[in-house]
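Peer 1: One-letter residues, chain by chain:
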Amino acid sequence: MTFRSAPLVVLILVVVSFSTQAEITKVQFEQISRLCQPSDSDEGWRGIEWEIDLWAARERAAREGKPVFLWEMDGHPLGCT
Amino acid sequence: MFVFSRPDIRRILRERFIVAAADDWYQRRRDDDVGRFFRAVADQGPRKGRNGSTRQGRYVFTASGKLLGYNNNRDPDRIMKMLEESLELFKDLPVDERRAGATKVPQSTPSAQDSRYRRVLQPDTIPVKAFTRALVKNGEGYDLWDPLKTGPKNLRQTGLNIAVDHLWIRQSEVEEILQLSKTLKASALPRDLSMRIARYHLVDNTRGEPPHWRPDEVRVLDLRSIASIPNASGEQVLRIHGPFHFETKDKQRGYRGEINGTLTIEKGTNQPLLHMVAVGNHWGNGPYTPGARPGTTPLAVVFAVADRSQTMDQIPPQGIRWENGYWNAAN
Chain A
540 MTFRSAPLVV
550 LILVVVSFST
560 QAEITKVQFE
570 QISRLCQPSD
580 SDEGWRGIEW
590 EIDLWAARER
600 AAREGKPVFL
610 WEMDGHPLGC
620 T
Chain B
121 MFVFSRPDIR
131 RILRERFIVA
141 AADDWYQRRR
151 DDDVGRFFRA
161 VADQGPRKGR
171 NGSTRQGRYV
181 FTASGKLLGY
191 NNNRDPDRIM
201 KMLEESLELF
211 KDLPVDERRA
221 GATKVPQSTP
231 SAQDSRYRRV
241 LQPDTIPVKA
251 FTRALVKNGE
261 GYDLWDPLKT
271 GPKNLRQTGL
281 NIAVDHLWIR
291 QSEVEEILQL
301 SKTLKASALP
311 RDLSMRIARY
321 HLVDNTRGEP
331 PHWRPDEVRV
341 LDLRSIASIP
351 NASGEQVLRI
361 HGPFHFETKD
371 KQRGYRGEIN
381 GTLTIEKGTN
391 QPLLHMVAVG
401 NHWGNGPYTP
411 GARPGTTPLA
421 VVFAVADRSQ
431 TMDQIPPQGI
441 RWENGYWNAA
451 N
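Line by line, the protein sequences give chains A and B.
Residue numbers for the first sequence follow my numbering, so the first one is 540 and each next one is one higher.
Residue numbers for the second sequence follow my numbering, so the first one is 121 and each next one is one higher.
Just chain A, with the same shape it has in the complex:
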């Protein structure tokens, strides 16, 4: 082994050492990512154009001649719990 190849070996050793700490496999990683991906039925509300600024909603309502529907919750209804 030459000194020029030493950094690459060190990198590989570090990566291998780091990898052995992981408890979940690549398959599990992909499986969990998929299971936690919302489906269309989970997120029917995504098909609606929501305003998250009440004043902007009020301005649009005035401009377009429509009433405002406001969903108000403790914890943001679209993004928290």
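FYI, nobody ran anything at the bench for these hints, they're computed from the structure.
Take these hints with a grain of salt, some might be off.
[Unchecked claim] Calculated pairs, EDC-like style, for lysine to aspartate or glutamate (alpha carbon to alpha carbon, straight line, at most 16 Å): (1) Lys-565(A) <-> Glu-260(B); (2) Lys-387(B) <-> Glu-295(B); (3) Lys-224(B) <-> Glu-603(A); (4) Lys-168(B) <-> Asp-613(A); (5) Lys-186(B) <-> Asp-151(B); (6) Lys-369(B) <-> Asp-342(B); (7) Lys-224(B) <-> Glu-598(A); (8) Lys-211(B) <-> Glu-603(A); (9) Lys-257(B) <-> Glu-569(A); (10) Lys-201(B) <-> Asp-128(B); (11) Lys-211(B) <-> Asp-128(B); (12) Lys-186(B) <-> Glu-217(B); (13) Lys-387(B) <-> Glu-355(B); (14) Lys-224(B) <-> Glu-135(B); (15) Lys-371(B) <-> Asp-336(B); (16) Lys-371(B) <-> Glu-337(B); (17) Lys-186(B) <-> Glu-598(A); (18) Lys-302(B) <-> Glu-355(B); (19) Lys-565(A) <-> Glu-378(B); (20) Lys-369(B) <-> Glu-329(B).
[Said to hold, decoys possible] If you want a taste of the chain B side facing chain A, the calculated C-beta under 8 Å gives, among others: (21) Val-139; (22) Val-154; (23) Phe-157; (24) Asp-216; (25) Arg-218; (26) Ser-228; (27) Phe-251; (28) Gly-261; (29) Ile-282; (30) Asp-285; (31) Met-432.
[To be verified] DEER-style ranges, computed between Cβ atoms: (32) Ser-578(A) <-> Gln-242(B): 29 to 39 Å; (33) Lys-211(B) <-> Gly-586(A): 46 to 56 Å; (34) Gly-388(B) <-> Gly-586(A): 29 to 39 Å; (35) Ala-595(A) <-> Arg-136(B): 37 to 47 Å; (36) Pro-226(B) <-> Lys-565(A): 47 to 57 Å; (37) Lys-224(B) <-> Lys-565(A): 34 to 44 Å; (38) Gly-586(A) <-> Lys-371(B): 35 to 45 Å; (39) Gly-586(A) <-> Leu-209(B): 22 to 32 Å; (40) Lys-565(A) <-> Lys-211(B): 55 to 65 Å.
All C-beta atoms in this analysis are idealised placements derived from N, C-alpha and C, irrespective of residue type, glycine included.
Given chain A's structure and the hints, the job is docking chain B onto it.
Peer 2: Then chain B, alone, in the frame of chain A:
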């Protein structure tokens, strides 16, 4: 959320209303035009916020602030009825009160708004979706928790769906990670970022608003990143990994597991793509989240960079109500 899975409700909202959503915790407190307008609308209904209490619910009102309908029920039929009745009331208003352009809404500039209760995604902040879900072990893998198959019959049927929150990361924190990765050693993530992920996002929010972890409840947290060998397309890829263990002093609530993931910087951009999976065993209830499964059970949180151009991806993290505590989570 299932209210909005009904096509007729989605259609009437899209076609006949301007649709908005807000966190009542901010709205009922803010001392500015926005807060005063909202409270004036709510005061016309049953939720008058006595002694600063919640005003949550579904409201319909005009641009001038006249309340047309209120409902705090999750029954889609009752929501639909309230929407239809509100439209009838709207139709009965004088034309000069409801036609397009009739109401003049004064400008409300950001500088005139109450900064104590206003959280806006800034250009130097990266929004990351955090999806949480209760799982079960299935052989070597995982599956969705289905209490009809696996749980006691008397268990509350809650916590079945995916909970959504947003993790905010500063661009400077990503740059710090990239700088540290140049050493080719596993480097600890910036402490405030690690603690922000841990305290505010590795929580069981599947049954409502959970308590966040206090610093002294973080027993183990060792999130590290390391640069992988660059791939053929020249992407810079960092692996992120580490164990975590949080537990209350009385041991009644806890979460222990591992985080794995990658932070990828595409060639020629400085746009980070973060994808992480946290999985482990969770136990216990919070004050507002009863109904946890008995014992320690698998819970996963998946983090993925959000599309910041989408309004709903700009929603602030639940934990950022105390802004300083969120950003400086290690303190």
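Peer 1: For each hint, tell me whether it holds in the structure or not.
Peer 2: Hint check:
With a C-alpha separation of about 12 Å, the suggested pair Lys-565(A) and Glu-260(B) falls inside the 16 Å cut-off, and the hint holds. At most 16 Å may separate the alpha-carbon atoms for a hinted pair to count; Lys-387(B) and Glu-295(B) meet this at roughly 15 Å. Of the pairs offered as hints, the one joining Lys-224(B) and Glu-603(A) holds, with about 12 Å between alpha carbons and a cut-off of 16 Å not exceeded. Distance hint between Lys-168(B) and Asp-613(A) is fulfilled; the C-alpha atoms sit about 15 Å from each other, no more than 16 Å.
With a C-alpha separation of about 20 Å, the suggested pair Lys-186(B) and Asp-151(B) falls outside the 16 Å cut-off, and the hint is violated. The straight-line distance between the Cα atoms of Lys-369(B) and Asp-342(B) is roughly 20 Å, outside the 16 Å bound, and the hint therefore fails. For the proposed pair Lys-224(B) and Glu-598(A), the alpha carbon gap of about 8 Å is at most 16 Å, so the pair holds. Under the criterion of a C-alpha separation no larger than 16 Å, the hint pairing Lys-211(B) with Glu-603(A) is consistent with the structure, at around 14 Å.
Restraint check for Lys-257(B) and Glu-569(A): the C-alpha separation of about 15 Å stays at or below 16 Å, so the hint holds. Restraint check for Lys-201(B) and Asp-128(B): satisfied, since their Cα atoms lie roughly 12 Å apart, inside the 16 Å limit. Between Lys-211(B) and Asp-128(B) the alpha-carbon distance is near 20 Å, which puts this suggested pair outside the 16 Å criterion. Between Lys-186(B) and Glu-217(B) the alpha-carbon distance is near 10 Å, which keeps this suggested pair within the 16 Å criterion.
Proposed proximity of Lys-387(B) and Glu-355(B) is supported: the alpha carbons are some 5 Å apart, at most 16 Å. For the suggested pair Lys-224(B) and Glu-135(B), the alpha carbons sit about 22 Å apart, so the restraint of at most 16 Å is broken. A threshold of 16 Å between alpha carbons decides the hint, and for Lys-371(B) with Asp-336(B) the separation of about 13 Å falls inside it, so the pair holds. With a CA separation close to 10 Å, the supplied pair Lys-371(B) and Glu-337(B) stays within the 16 Å bound.
Restraint check for Lys-186(B) and Glu-598(A): the C-alpha separation of about 14 Å stays at or below 16 Å, so the hint holds. For the hint pairing Lys-302(B) with Glu-355(B), the CA-to-CA distance comes to about 14 Å; that is within 16 Å, so the pair holds. For the hint linking Lys-565(A) to Glu-378(B), the alpha-carbon distance of about 13 Å falls within 16 Å, and the restraint holds. For the given pair, Lys-369(B) sits about 20 Å from Glu-329(B) by alpha-carbon distance, which is inconsistent with the 16 Å threshold.
At its closest, the beta carbon of Val-139(B) sits 5 Å from a beta carbon of chain A; the interface hint therefore holds under the 8 Å criterion. Because the smallest distance between the Cβ of Val-154(B) and any Cβ of chain A comes to about 5 Å, under 8 Å, the interface hint for this residue holds. Because the beta carbon of Phe-157(B) sits about 7 Å from the nearest beta carbon in chain A, less than 8 Å, this interface hint is met. Interface hint at Asp-216(B): violated, since its Cβ lies 11 Å from the closest Cβ of chain A, which is beyond the 8 Å cut-off.
For Arg-218(B), the suggested interface contact is upheld, since its CB lies about 6 Å from the closest CB of chain A, less than 8 Å. The beta carbon of Ser-228(B) is positioned within 8 Å of a beta carbon in chain A (closest approach about 5 Å), and the interface hint is therefore held. With 8 Å as the threshold, the beta carbon of Phe-251(B) comes within range of chain A, its nearest partner Cβ sitting at about 4 Å, so the hint holds. Hint status for Gly-261(B): holds, given a least beta-carbon distance of 5 Å to chain A, under 8 Å.
With a least beta-carbon distance of about 5 Å to chain A, the hint placing Ile-282(B) at the interface is held under the 8 Å criterion. Interface hint at Asp-285(B): satisfied, since its Cβ lies 6 Å from the closest Cβ of chain A, which is below the 8 Å cut-off. The beta carbon of Met-432(B) comes within 5 Å of a beta carbon in chain A, closer than 8 Å, and the hint placing it at the interface holds. Hint check: Ser-578(A) to Gln-242(B), Cβ distance near 31 Å, so the stated range 29 to 39 Å holds.
A hinted range of 46 to 56 Å is violated for the C-beta pair Lys-211(B) and Gly-586(A), which are about 25 Å apart. The hint said 29 to 39 Å for the Cβ distance between Gly-388(B) and Gly-586(A), and at roughly 34 Å that hint holds. The hinted window of 37 to 47 Å between Ala-595(A) and Arg-136(B) is violated, with their beta carbons roughly 18 Å apart. Distance hint check: the CB atoms of Pro-226(B) and Lys-565(A) are about 56 Å apart, consistent with the given range 47 to 57 Å.
Taken as a hint, the range 34 to 44 Å is violated for the pair Lys-224(B) and Lys-565(A), whose Cβ atoms sit roughly 59 Å apart. The given range of 35 to 45 Å is respected by Gly-586(A) and Lys-371(B), whose C-beta atoms sit roughly 44 Å from each other. About 26 Å separates the C-beta atoms of Gly-586(A) and Leu-209(B), a value consistent with the hinted range of 22 to 32 Å. Range check, Lys-565(A) to Lys-211(B): Cβ separation about 58 Å, and the 55 to 65 Å hint holds.
Checked against the numbered hints above, the structure violates hints 5, 6, 11, 14, 20, 24, 33, 35, 37; every other hint is satisfied.
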